[in-house]
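Protein chains in written order, with the UniProt record's numbering: chain A, 1 to 343; chain B, 1 to 343; chain C, 1 to 343.
Wrong hints could be hidden among the right ones.
In this list, chains with the same sequence are indistinguishable; a pair is considered to hold if it fits within one copy or across any two.
Keeping only pairs whose Cα atoms sit at most 30 Å apart, straight-line, the calculated DSSO-like set for lysine-lysine is [stated by the list, open to error]:
1) LYS229 - LYS241
2) LYS3 - LYS120
3) LYS53 - LYS120
4) LYS321 - LYS3
5) LYS326 - LYS53
6) LYS114 - LYS321
7) LYS53 - LYS3
8) LYS120 - LYS149
9) LYS53 - LYS241
10) LYS149 - LYS326
11) LYS53 - LYS149
12) LYS321 - LYS53
13) LYS149 - LYS3
Calculated directly from the structure, the hints in this document are not laboratory data.
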Amino acid sequence: MAKTNPGRFFEDYRVGQVIEHAVPRTVSGGERALYHALYPARHAIYSSDEFAKLCGLAESPMDDLIAFHTVFGKSVPDVSLNAVANLGYAEGRFHRPTWRGDTLRARSEVIGLKQNSSGKTGVVYVRTEGRNQRGELVLDYVRWVMVRKNDLAAPAPDTVVPELAAAVDPATLLVPEGLTFADYDTVLSGEPHRLRDYAVGEIIDHVDGVTIEEAEHMMATRLWQNTSKTHFDVTPRADGKRLIYGGHVMSMARALSFNGLANAQMIVAINGGSHANPCFAGDTVRAWSEVLDVAETGAPGVGALRLRLVATKDGSVGALKGADGKYLPGVLLDLDYWALMPQ
Amino acid sequence: MAKTNPGRFFEDYRVGQVIEHAVPRTVSGGERALYHALYPARHAIYSSDEFAKLCGLAESPMDDLIAFHTVFGKSVPDVSLNAVANLGYAEGRFHRPTWRGDTLRARSEVIGLKQNSSGKTGVVYVRTEGRNQRGELVLDYVRWVMVRKNDLAAPAPDTVVPELAAAVDPATLLVPEGLTFADYDTVLSGEPHRLRDYAVGEIIDHVDGVTIEEAEHMMATRLWQNTSKTHFDVTPRADGKRLIYGGHVMSMARALSFNGLANAQMIVAINGGSHANPCFAGDTVRAWSEVLDVAETGAPGVGALRLRLVATKDGSVGALKGADGKYLPGVLLDLDYWALMPQ
Amino acid sequence: MAKTNPGRFFEDYRVGQVIEHAVPRTVSGGERALYHALYPARHAIYSSDEFAKLCGLAESPMDDLIAFHTVFGKSVPDVSLNAVANLGYAEGRFHRPTWRGDTLRARSEVIGLKQNSSGKTGVVYVRTEGRNQRGELVLDYVRWVMVRKNDLAAPAPDTVVPELAAAVDPATLLVPEGLTFADYDTVLSGEPHRLRDYAVGEIIDHVDGVTIEEAEHMMATRLWQNTSKTHFDVTPRADGKRLIYGGHVMSMARALSFNGLANAQMIVAINGGSHANPCFAGDTVRAWSEVLDVAETGAPGVGALRLRLVATKDGSVGALKGADGKYLPGVLLDLDYWALMPQ
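When you get a sec, could you build the whole thing from the sequences and use the hints?
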């Protein structure tokens, strides 16, 4: 009997199937420090226990994207080992922060299947959730991937395409327990701009760029125990390149967005996201944001800003898609999220 | 008086000599996180406090190889600074886990000496042990290295070659206090295969490959405070290459072996080991294992598997040595160890 | 209104101006482990909780340069984002160690201004201080940088050049509370040399070299939240090179100096420093030291050694400046500091 995991193929999925992902993971101060070494992350709540306390939290939580990447990484051996493409995200919600010493585990439910007309691939929709050691929900999100068929003769399943919200309703955003921006300090946070200073439609060029190295993206991707071969091994591709984990670009862009969005402190929802073009070592990643919406929350002084975060490798700002409706070749990531910001 | 350490030469060693190695080292959550960033490590006991508790431990211990590398690194300035080659290991035993916050120190006793016929080098055998801050033995192992003579006129010592066991007797394997696999969860651990599923002689191709970068192996080697110049400095070699610390390949191969040996949880003995060929940045490391033996232990549900772990840079599987008895050029590491596995 | 930080230009500074730097930072075991992965650091007080206890401390503190880099990094967006050159340091004093879990914040006071004759740049002198979460002073130092003018028509300020001490008076050196070298163990520390073994004028070649990689210096520089674009982005320079943060060379040289100065345990003052020439990935950094002075302190067994630490990229030893008074092209760093050493 073969001992190694070949991954699932399209014909191995059934709507309603629930997959418990292996290898729970304890994250702590080491993961936090590595996150700061790998990304130019400076949002003050994630940098300082003291600033977090000023905002009503017990200590500085782990960056939201540490939780996201960890849960995502757990799902890779079961969901995307044979994926051709990671197509999109929707309905992502952060239910509570992850604290030093928490242990995250993950499970996914298959919520949709659609075989492609070629008969060689199909789209699998999963809702993945991460829980901590107390069984509390930490985050959940929908992801859909294109997966190869292994047995081309396997019959096509009934097509089920889930209805997904275009964006998380701001009335349902979850504010971490105890969070307050009533005593928010914009000197310590790094910028004076509050919710009222941002206008829908406004474009922010985050200016700074980071040229990516192989060692960095591999360290990041391993830290999240993401086992996708394409990130680590030069031998499969004819050009000898390693494809960079899309989440690495996501964290890089989010960290770069500090410059202009220093007070967009916590990510509370991911409305959608596309890895528009591949990223390779040597690319210089830059980012720009567009303000999509503003909202209130019930928490003291806490507003919410809906942002489109775009990572590029050509330094362009504001341009996203061509006349053909396709992403421009310099665009790496198009992420739509809600962040909490002082009013 | 010269202040820097020139290292010992062959004529500086005496059988029975005991060397206390300098710079004790506290290891904690940061070292643990870095281990997961540097290697694709996923064995669940080392990944999750919760999984470790399910196995009867107080928390997730440090990876066994963190303890090994730390103790090994301490010995380098005294044992192998002038080494020509690291020839082998034997009788390695892990006596207890290393926990977050433990401080490791190391000492070596010279147990054998044999001058080579050239008169320019000799083989030094040492038994190295690591202890924690409570003075408890953490691991010990025999290592032998070929060391240069500085004074070629120094007389050859009496030849003493220690008798070394071909393998650690499984009846003497040390199971960590409290360890139980009675409630072992193969869904969380990542694979269903238990001790009974492995047959002596079985070969497992671990499939995945990692292309090595300079920054990664240097960070790892520094983390273990290994000061061997050849890993860090491009100037000594005519080809401008940095030789990768053999232990980096060991950890990489062990981590890759998760795919097929996810339940070979804890290393309890190192029976032998050879760094068969040098590894350089740009090499793509893969691994395969051969099942050498199976054994019982007294602990609940805990069996032991003796494995040969082979790292390669050419992707070959199952081939180890040529007709001349020498390692094939694509083989990097040949490691023989005992691991604990659920029955 | 532009949201991103353009940095201050020369005409934006006033003598007496106090700038609170943003984004306080909690440092802990993760930063400590990364420091050991990025630099070959082996000074025993920073490596081992047990050794630190033997020296009267509660636990192993963070390396002094972790505190320095963190405070320095905080000041970059306000002081040196538009700097042409980082000209020098003086009057640096470490007031107390930084412990795991401490949160550092920083502020700078402008203490001098001098417009250059070109009218295009000027020198800004700041005294920067770092404090912990209890408001206690951790370190302070004077730094001066050459900064571009944005508005060339802005009038030149009155020239104020602060009088700076050539060196910190050893009678004012601050020994950490409780520190004692009465029971100092030179076997564990790695070298037998004590204060009395060093003679003023003595030159020590630290022998070892490290070839620098892009991924490493960027990880280090990000860890200190230093946002200077030139360290991360290949696009601004015609040669596509990234300039390495001078503090990376400082930490590398200090770590290399263990070999010959293993007992120069804690840095307590920075008398002066110059980043003599730029460092780029691929350079092999080596170091040598010159003993400049010796002194007593009131603490049991604790002496102080004043050292010139020179980092080079050409392996030269002892040569610093040419006949023209300028640093030789192979010199990267010339740092003058006081360290505590057992008598």
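- Numbers of the earlier hints that this structure fails to satisfy, in rising order: The structure breaks hints 3, 5, 9, 11 and 12; every other hint is satisfied.
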